[in-house]
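Asker: Given chain U's structure and the hints, the job is docking chain E onto it.
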Amino acid sequence: MFEGVKGFFPPPYDPKEPVDFGSGKFLKMWQGPQHPGITGNMSLELAIAGDTVYDCKTHVGYLHRGFEKLMERRLWMQNFPLVCRIAVPEPDFNEYCYAAAIEELAGVEVPEKAKWLRNLTLEMIRLASYLMWIGGQAGAFGHGTIIQWSATMRDYVLDLFEELSGGRIYHMYIIPGGVRSDLPEGWKAHALEVMDTIEKNLDDIELVMFHNAVFKLRAKGLGVIPKDWIDRYGITGPNARAAGFRRDLRKDQPYLVYDKLDFDYVTAEGSDAYDRAKVRLGEMYQAIDLIRQMLARMPSGGEFKTALPNPLHWKIPAGETYVKSECTRGEYGFYVVSDGSDKPRRVVVRGPSYTHAVSVMETLAKGQNIADVAGLMVSLHTYPPEIER
Amino acid sequence: MEPSIPLRIAYAFASLAVITVYGLLLIGSMARISAKVQGRVGQPVWQPFIDIVKSSGKRNSISHGVMFWLGPVFRLAGGVGTYMFVPAVLGSVVFQNFSMSGDLLLVMYFIFFGQLGMALGASEGGHPYSAIGVSRGLAQMTAFEVPFALSIISIAVQYGTLDITKIVMAQQGGFLNWTLFTNPLAVVAAMIAFLGMSGHNPFSVVIAPQEIPIGPPTEYQSNLLGMLQTNRAVFNGAKLVLYMNLFFGGATNVPVMVVKTFLIYFVNIFVGQAFPRFRTDQAIRFFLGVPTLIGIAAVVLFAF
Chain U
1 MFEGVKGFFP PPYDPKEPVD FGSGKFLKMW QGPQHPGITG NMSLELAIAG DTVYDCKTHV
61 GYLHRGFEKL MERRLWMQNF PLVCRIAVPE PDFNEYCYAA AIEELAGVEV PEKAKWLRNL
121 TLEMIRLASY LMWIGGQAGA FGHGTIIQWS ATMRDYVLDL FEELSGGRIY HMYIIPGGVR
181 SDLPEGWKAH ALEVMDTIEK NLDDIELVMF HNAVFKLRAK GLGVIPKDWI DRYGITGPNA
241 RAAGFRRDLR KDQPYLVYDK LDFDYVTAEG SDAYDRAKVR LGEMYQAIDL IRQMLARMPS
301 GGEFKTALPN PLHWKIPAGE TYVKSECTRG EYGFYVVSDG SDKPRRVVVR GPSYTHAVSV
361 METLAKGQNI ADVAGLMVSL HTYPPEIER
Chain E
1 MEPSIPLRIA YAFASLAVIT VYGLLLIGSM ARISAKVQGR VGQPVWQPFI DIVKSSGKRN
61 SISHGVMFWL GPVFRLAGGV GTYMFVPAVL GSVVFQNFSM SGDLLLVMYF IFFGQLGMAL
121 GASEGGHPYS AIGVSRGLAQ MTAFEVPFAL SIISIAVQYG TLDITKIVMA QQGGFLNWTL
181 FTNPLAVVAA MIAFLGMSGH NPFSVVIAPQ EIPIGPPTEY QSNLLGMLQT NRAVFNGAKL
241 VLYMNLFFGG ATNVPVMVVK TFLIYFVNIF VGQAFPRFRT DQAIRFFLGV PTLIGIAAVV
301 LFAF
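Top to bottom, those sequences are chains U and E. All residue numbers for the first sequence refer to this note's numbering, where the first residue is 1 and numbers rise by one. All residue numbers for the second sequence refer to this note's numbering, where the first residue is 1 and numbers rise by one.
With the rest of the complex left out, here is chain U (with noise of 0.2 angstroms):
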C-alpha cells in the first residue's frame, strides 16, 4: 500500500482525523436501504474521503412490523406465522426456538421422531440459507456466476420444503409438541439425490470461488476481527469460529438429536472475510454430511406430535425461559414469559445480526475501501429484520 512520504503527502488516512463535512474533504455517501451492496433493508450513512471509509453509522427502521408486541396479543399458536419472518431465509430457527420454549413451560414432550425431522429441517435451512449467501459474498465482488449458481442448489432445498411442508419459504412444520407431518413417500431418495447434486455444485463453487487470485485478493485481510473482539462485541457463529474460537451450541449445548451425530467444530485463524466464507463452506459440506447421517439413522415409525390441547383455549403455565440454538449466524435464542394465560406476556429474540451489522459493521467499516463495503458486510452475514423485532 502506498503510505506517503511524511512531510510532504498527507497520511492516506487517519483514524484520529475528525469528520467535518465543512472542511471539504469528506463526502457523505448513503449505501442503502436500496442498494446492492446492502443485505436485507437496512442502510449505511458513509463519511468517505476518497475512497477510504471514515465514519460508518448503521439504520434500521426500515422493516419495522414490531414482532414481538404482536407476539402479545395473538394466541399461542397464532404466533407462528409471525416468528417465521423474523429471519426470512431461515424461519426454521424461530419456529424451533418458538416451539420449544412453549413445550418447555408448557411441559410438553417431543416424541423421537419429531426430534430427528425437526433437526433434518434445521440443517436443511442452513444449508439453503449458506447457499444464499455464499451468492451473495460473491455477488458482493461481482462474481455474478457463483450467485446463478447457489440460488439453484438453494431453489433445489426449497423444493424439498415444499413436498415436505407445503412452504418454499415459510414452512410452519415445526410445532409445540412436534412437527406437522412425517416424511412423504419417496422424500429421502430425493433428499439424497439433491445433496449429491449440491455437493457436486459446492466443489464446483471452491475451485471458481476460494482459489480464484482476484477472490482472494479481494477477501483476504478485508474485515479482520480480532480475537479479543468476541467477548467483548458478543460475536458468535462462523464470524467466531473463523478467529479461531471452537464455539457451536451444536457441540457444547447439544440439543435434538446432535449429541447423536458424528461432527466437528469448523474453524479458521484468519478472522477475514475469505476466512469467514471457508467456515461458512465447511459448514454447508457438514450440513449435507448431517442430512444423510439424518436419513439414514432417523427411526422409520414411532409418532411425530403429540397430542395437545385445544389451541384456541391453550394457556401456558406462568414462568419464562430461555431457548436457544445455533442458527447460520450464531446463537439464535428466544427468552419467553408466560403469566398463564393464553397468550404469551413477552417474547424478546436475540438474533446475532444486532452485533454484528451494527457494532461490529460500524467499528470495521472505518478505514476500508468503499468498494469493500459491500463484501464486508455480506461477509458478516446478517438479516436487518431480525435486528428490529
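Don't read these hints as lab results, they were simulated from the structure. Remember, it's a predicted structure, so these values are computed and weren't measured experimentally. We treat Cβ as the ideally placed atom computed from N, Cα and C, and that holds for glycine. A hint or two may mislead.
Between beta-carbon pairs, the in silico distance windows are [to be verified]:
| no. | chain 1 | residue 1 | chain 2 | residue 2 | range |
| --- | --- | --- | --- | --- | --- |
| 1 | E | Gly126 | U | Gln253 | 51 to 57 angstroms |
| 2 | U | Gly24 | E | Gln43 | 41 to 47 angstroms |
| 3 | E | Gly65 | U | Gly24 | 19 to 25 angstroms |
| 4 | E | Ile33 | U | Gln34 | 28 to 34 angstroms |
| 5 | U | Glu17 | E | Pro184 | 44 to 50 angstroms |
| 6 | U | Gly50 | E | Pro6 | 50 to 56 angstroms |
| 7 | E | Leu293 | U | Gly50 | 25 to 31 angstroms |
| 8 | U | Thr306 | E | Ile33 | 53 to 59 angstroms |
| 9 | E | Pro184 | U | Gly186 | 43 to 49 angstroms |
Answerer: Below, chain E without anything else, positioned relative to chain U:
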C-alpha cells in the same frame, strides 16, 4: 475510382448501421452465453434492440445543465469516431470507412475522447455515485492505456506505419503473418488492456452495481440512456474491428470479420464469467505491473 463524397457518406452510414446492429447482436448473444454458463436460460438475443427502443422512446424530465446533456453525445461521438476511421473490411468500398494515413493515432484519441466526455457530463449530475464512478473510470483508463499504448508503439515500430490499412495489408498472405504470431508480446499486452477497456470482470468496478451503483451513468435514463446503449454497440464493434485489424490479420469479407470479432469479444466473457472484479487500486496496480512489462518488452524487441 474513388467514390464521390456523398456516396462515401452514404456508405459510412450504411457501415455504421451494420456495425450497430452487429454490436447489439453481439451483446445479446454474449449475454445469452453468460446465462448458459450461469445455468440460466437468459434474455433473447434481440433484447438489446428492445432496450434501446424502449429507452429512446421515453422523455427525459431532468437536467443538470448543458454538459450533462452533452455527456452521452460525446460518448456516442467517441464510439462513432473510433469506428469511422477503422477499415472494417479490407478492400471493401462500403466498409473501408474513412481510413487514412495516420488513422491509428486518431482512433486512439477517439477511444479516450468518448470516455472523457462521458466523465465530464456524468460529473455534472452531482450524484456522489457518478463522481465516484468517474474517478474510478478515469483512473482505470489511465492504467490500461499504458500497456495498450506500448503495444501500439510496438506494432507501429514493427510495421513502420500508423496507417491501419497498411498494417492489415502487411498481415495478409497467411495466418502466420498475423501480429499474433509475429509480435505475440504486443498482442498479450493489448488483449489484457482490452479487458480493461471493455469494462467486463475483473475490470468492471467502474459500473459495479454492488460497490457503487451504477457509476457514471447513475443519473442517465430514458433517451440519454438509449444513446449510451447505442454507443455501447458501436464502440464495442469499433474496438473489436480495431483489434482484429491490428493483431489478427484483419478481414477481407464480412463473414471473416464476424467470426474474428466474435472470438475476440468472447475472451471478455470467458474471463469475465470466471473472475470477480478488482478494486480500482488493485486494477491500476495490475495494469502497471506485468502487462506494462510485457508491453515494454514488445517495444524493446522491435525498437532495437
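Asker: Confirm or reject each hint.
Answerer: We went through each hint and held it up to the structure:
1. E:Gly126 x U:Gln253: 51 to 57 angstroms: Cβ of glycine 126 of chain E to Cβ of glutamine 253 of chain U: about 55 angstroms, so the range 51 to 57 angstroms holds.
2. U:Gly24 x E:Gln43: 41 to 47 angstroms: holds (44 angstroms)
3. E:Gly65 x U:Gly24: 19 to 25 angstroms: holds (21 angstroms)
4. E:Ile33 x U:Gln34: 28 to 34 angstroms: holds (30 angstroms)
5. U:Glu17 x E:Pro184: 44 to 50 angstroms: holds (49 angstroms)
6. U:Gly50 x E:Pro6: 50 to 56 angstroms: Given about 52 angstroms between the Cβ atoms, the range holds.
7. E:Leu293 x U:Gly50: 25 to 31 angstroms: holds (28 angstroms)
8. U:Thr306 x E:Ile33: 53 to 59 angstroms: holds (55 angstroms)
9. E:Pro184 x U:Gly186: 43 to 49 angstroms: violated (58 angstroms)
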